[in-house]
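Novice: Sequential numbering of the sequence shown, starting at 1, is according to the working numbering.
Everything labelled a hint here was simulated from the structure, so no lab data went into it.
Hints are supplied without guarantee of correctness; some may be wrong.
Heads up, simulated BS3-like pairs for lysine-lysine below, C-alpha to C-alpha not over 30 Å straight-line [stated by the list, open to error]:
no.	residue 1	residue 2
1	Lys-276	Lys-262
2	Lys-35	Lys-19
3	Lys-189	Lys-282
4	Lys-262	Lys-63
5	Lys-189	Lys-268
6	Lys-263	Lys-247
7	Lys-63	Lys-276
8	Lys-216	Lys-263
9	Lys-35	Lys-20
10	Lys-189	Lys-224
11	Lys-63	Lys-247
12	Lys-268	Lys-282
13	Lys-31	Lys-224
14	Lys-276	Lys-247
15	Lys-276	Lys-224
16	Lys-247	Lys-282
17	Lys-263	Lys-276
18	Lys-224	Lys-263
19	Lys-262	Lys-189
20	Lys-268	Lys-247
21	Lys-275	Lys-247
22	Lys-63	Lys-77
23	Lys-19	Lys-31
24	Lys-131	Lys-189
25	Lys-63	Lys-31
26	Lys-263	Lys-275
27	Lys-20	Lys-31
28	Lys-131	Lys-263
29	Lys-262	Lys-20
30	Lys-77	Lys-35
31	Lys-262	Lys-275
32	Lys-63	Lys-35
33	Lys-131	Lys-247
34	Lys-189	Lys-275
35	Lys-216	Lys-189
36	Lys-131	Lys-216
37	Lys-282	Lys-224
38	Lys-216	Lys-63
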Amino acid sequence: MALCRRIPDIPAEDLEIEKKIGSGGFGMVYKARHKNWDFTVALKILYNNGTDSLEHEASMMLKGSCQYVLSLIGMYKNPERSEHGLVMPFMENGSLENLLTRQSQLPWPLKFQIIHQVALGMNFLHTQLPKPILHLDLKPSNVLLNDSFTVQLTDFGLSEVAHSSSSFRSEHEGGTLSYMPPEALVSEKYRPMKSFDVYSFAILMSFVITGSTPYKNAFSTIVKFRIPRGDRPDISGVNPSDAEGLKDMLELMENCWHKDSKKRPEFKDCIPMTKKVFSIHKPGVSEAIHRLQHILSRMVSGETSEDLHSKVHNLSIGSSPAKSLDEHKPEVPVATGPPPQQEISEHLKPPVMDTELQRSMSKTPVSTSSNFFVPQQASPGPTHIGIASPEYRNMQYPGVNIHASYINGLQIGNNSRMIITKSPGKKTIKK
């Protein structure tokens with residue numbers, strides 16, 4: 001294979017597998033140590049024993065190699081078990097998704113650095129010659145962070161060159177549905193374009209800025225139905241004055257998730273704005289990372305669970321404590337597949353309050369609602385979502401109103417419980 005001759009073949013006997021750190025529809029990811037090189041690597045082994053998809057991802061990684069794209073060290077081979085895989089650098093800080101799960105409110109300098117570096121990496125992929133590379137699965141679990149919290153884009157399993165045609169939707173929606181653009185959800189024969197990745201970038205931006213998972217607790221079927229009708233992640237709790245340049249970033253985000261794909265900017269047009277805002281906050285990056293590392297290191301310290309529990313509620317981005325989206329909401333399952341990603345190197349405990357980090361951060365209220373915007377009026381044209389726009393209201397829960405003779409009800413949840421109450425002349429059925 002011409003591809004494999006360009007990079008080293010790494011036999012199974014050269015690797016000592018330490019533990020599983022991730023899994024997904026593609027296969028498994030392990031933390032391993034190369035016996036001869038004596039350093040830690042990540043090993044990705046595919047479920048199927050064929051080499052076509054492996055070579056495809058390796059090819060995309062080689063073509064898209066840059067400082068913000070995860071590099072490829074070698075091709076793993078285990079003939080005895082008919083296993084093939086990719087050997088890549090191990091990222092000690094895991095994925096962006098994992099970091100935001102542990103510490104939802106990052107310092108503004110680090111937020112803007114991550115957003116800018118993702119834009120730089122994606123712009124590099126989109127400007128490759130002779131054919132741009134589309135990622136098609138850009139989401140926080142596919143953004144890894146090295147030991148200095150520099151972005152490393154990964155998981156090119158869905159990537160393709162821009163000229164290729166594809167029936168993308170029916171094959172790959174899975175756990176990436178929240179990051180898929182509306183046009184990909186309404187057409188069985190959707191042909192991916194650059195605007196696909198730009199939309200995904202906007203949803204990722206909302207996660208980084210708010211610290212809240214997009215459409216959290218909403219049924220995937222409802223999300224799939226509402227996105228083409230203009231719904232976007234709830235950013236009503238974000239105050240544009242919380243950080244210098246934040247207002248500009250929010251406007252860029254809204255342009256990138258525009259309903260009309262032709263009106264979304266390209267990454268080369270996004271970079272001037274992300275660079276401008278990041279430059280304002282760049283002097284504070286080193287201190288922000290130092291404080292964040294201090295908090296993360298304390299998560300693996302010997303503090304008792306009672307100590308952590310008493311301190312975690314004080315963790316905030318200002319004078320107000322950060323709140324969980326689920327604080328007043330019941331659990332609602334969302335059908336997603338396990339994300340392919342590298343996890344953190346060790347099991348960590350909940351975050352601990354650090355007063356110096358608190359002072360280094362700006363205030364970002366976190367919405368306690370799992371809602372998303374629902375237009376009150378249908379519009380045939382593209383929908384532009386403003387911050388706390390009066391033209392939009394929040395949908396409290398995904399549900400179905402039932403209207404019939406003497407019946408009026410609201411379906412909530414997963415059909416696991418029914419309560420029937422009676423009133424004069426009417427019956428109300430609730431789920």
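Novice: Please go over all the hints and tell whether each is borne out by the structure.
Specialist: A quick look at each hint next to the structure:
Restraint check for Lys-276 and Lys-262: the C-alpha separation of about 24 Å stays at or below 30 Å, so the hint holds. For the hint linking Lys-35 to Lys-19, the alpha-carbon distance of about 15 Å falls within 30 Å, and the restraint holds. Distance hint between Lys-189 and Lys-282 is unfulfilled; the C-alpha atoms sit about 43 Å from each other, more than 30 Å. Between the alpha carbons of Lys-262 and Lys-63 the distance comes to roughly 26 Å, so the proposed pair stays at or under 30 Å and holds.
Taking the CA atoms of Lys-189 and Lys-268, the gap is about 27 Å. The hint holds against a cut of 30 Å. Proposed proximity of Lys-263 and Lys-247 is supported: the alpha carbons are some 20 Å apart, at most 30 Å. Between Lys-63 and Lys-276 the CA atoms are separated by roughly 28 Å; this keeps the pair inside 30 Å, and the hint holds. Taking the CA atoms of Lys-216 and Lys-263, the gap is about 27 Å. The hint holds against a cut of 30 Å.
Distance check on the hinted pair: Lys-35 and Lys-20 sit about 18 Å apart at the alpha-carbon level, within 30 Å; holds. As the CA atoms of Lys-189 and Lys-224 are separated by approximately 16 Å, the hinted pair is consistent with the 30 Å bound. A threshold of 30 Å between alpha carbons decides the hint, and for Lys-63 with Lys-247 the separation of about 35 Å lies outside it, so the pair is violated. With a C-alpha separation of about 20 Å, the suggested pairing of Lys-268 with Lys-282 holds against the 30 Å cut-off.
Using a Cα cut-off of 30 Å, the hinted pair Lys-31 and Lys-224 is violated, with the two alpha carbons roughly 35 Å apart. Between Lys-276 and Lys-247 the alpha-carbon distance is near 12 Å, which keeps this suggested pair within the 30 Å criterion. At roughly 34 Å between alpha-carbon atoms, Lys-276 and Lys-224 are farther apart than 30 Å, so this suggested pair is violated. Proximity of Lys-247 to Lys-282 is assessed by CA-CA distance (about 17 Å); at most 30 Å being required, the pair is judged to hold.
Annotation: proposed proximity of Lys-263 to Lys-276 holds, straight-line Cα distance about 22 Å (limit 30 Å). For a cut-off of 30 Å, the pair hint linking Lys-224 to Lys-263 stands: about 21 Å separates their Cα positions. Our distance criterion of 30 Å between C-alpha atoms is met by Lys-262 and Lys-189, whose separation comes to about 18 Å. Among the hinted pairs, Lys-268 with Lys-247 is consistent with the structure: their alpha-carbon atoms are about 20 Å apart, no more than 30 Å.
Distance restraint check for Lys-275 and Lys-247: the Cα-Cα separation of roughly 14 Å lies within the 30 Å cut-off, and the hinted pair is therefore satisfied. Restraint check for Lys-63 and Lys-77: satisfied, since their Cα atoms lie roughly 22 Å apart, inside the 30 Å limit. For the hint linking Lys-19 to Lys-31, the alpha-carbon distance of about 5 Å falls within 30 Å, and the restraint holds. Of the supplied pair hints, the one linking Lys-131 and Lys-189 holds, its CA atoms being roughly 21 Å apart against a limit of 30 Å.
The hinted pair formed by Lys-63 and Lys-31 meets the criterion: a straight-line CA distance of about 25 Å does not exceed 30 Å. About 21 Å separates the Cα atoms of Lys-263 and Lys-275, which keeps this hinted pair within 30 Å; it holds. A hinted pair counts as satisfied when its Cα atoms are at most 30 Å apart, and Lys-20 with Lys-31 qualifies at roughly 6 Å. Proposed proximity of Lys-131 and Lys-263 is supported: the alpha carbons are some 22 Å apart, at most 30 Å.
Distance hint between Lys-262 and Lys-20 is unfulfilled; the C-alpha atoms sit about 42 Å from each other, more than 30 Å. About 15 Å separates the Cα atoms of Lys-77 and Lys-35, which keeps this hinted pair within 30 Å; it holds. Between the alpha carbons of Lys-262 and Lys-275 the distance comes to roughly 23 Å, so the proposed pair stays at or under 30 Å and holds. The hinted pair formed by Lys-63 and Lys-35 meets the criterion: a straight-line CA distance of about 28 Å does not exceed 30 Å.
The hinted pair formed by Lys-131 and Lys-247 fails the criterion: a straight-line CA distance of about 34 Å is larger than 30 Å. A C-alpha spacing of about 36 Å is found between Lys-189 and Lys-275, which places the hinted pair above 30 Å, so the restraint is violated. The suggested pairing of Lys-216 with Lys-189 holds, with an alpha-carbon distance near 28 Å, which does not exceed 30 Å. At most 30 Å may separate the alpha-carbon atoms for a hinted pair to count; Lys-131 and Lys-216 exceed this at roughly 36 Å.
Our distance criterion of 30 Å between C-alpha atoms is broken by Lys-282 and Lys-224, whose separation comes to about 37 Å. At roughly 35 Å between alpha-carbon atoms, Lys-216 and Lys-63 are farther apart than 30 Å, so this suggested pair is violated.
Hints 3, 11, 13, 15, 29, 33, 34, 36, 37 and 38 from the earlier list are contradicted by this structure; the remaining hints agree with it.
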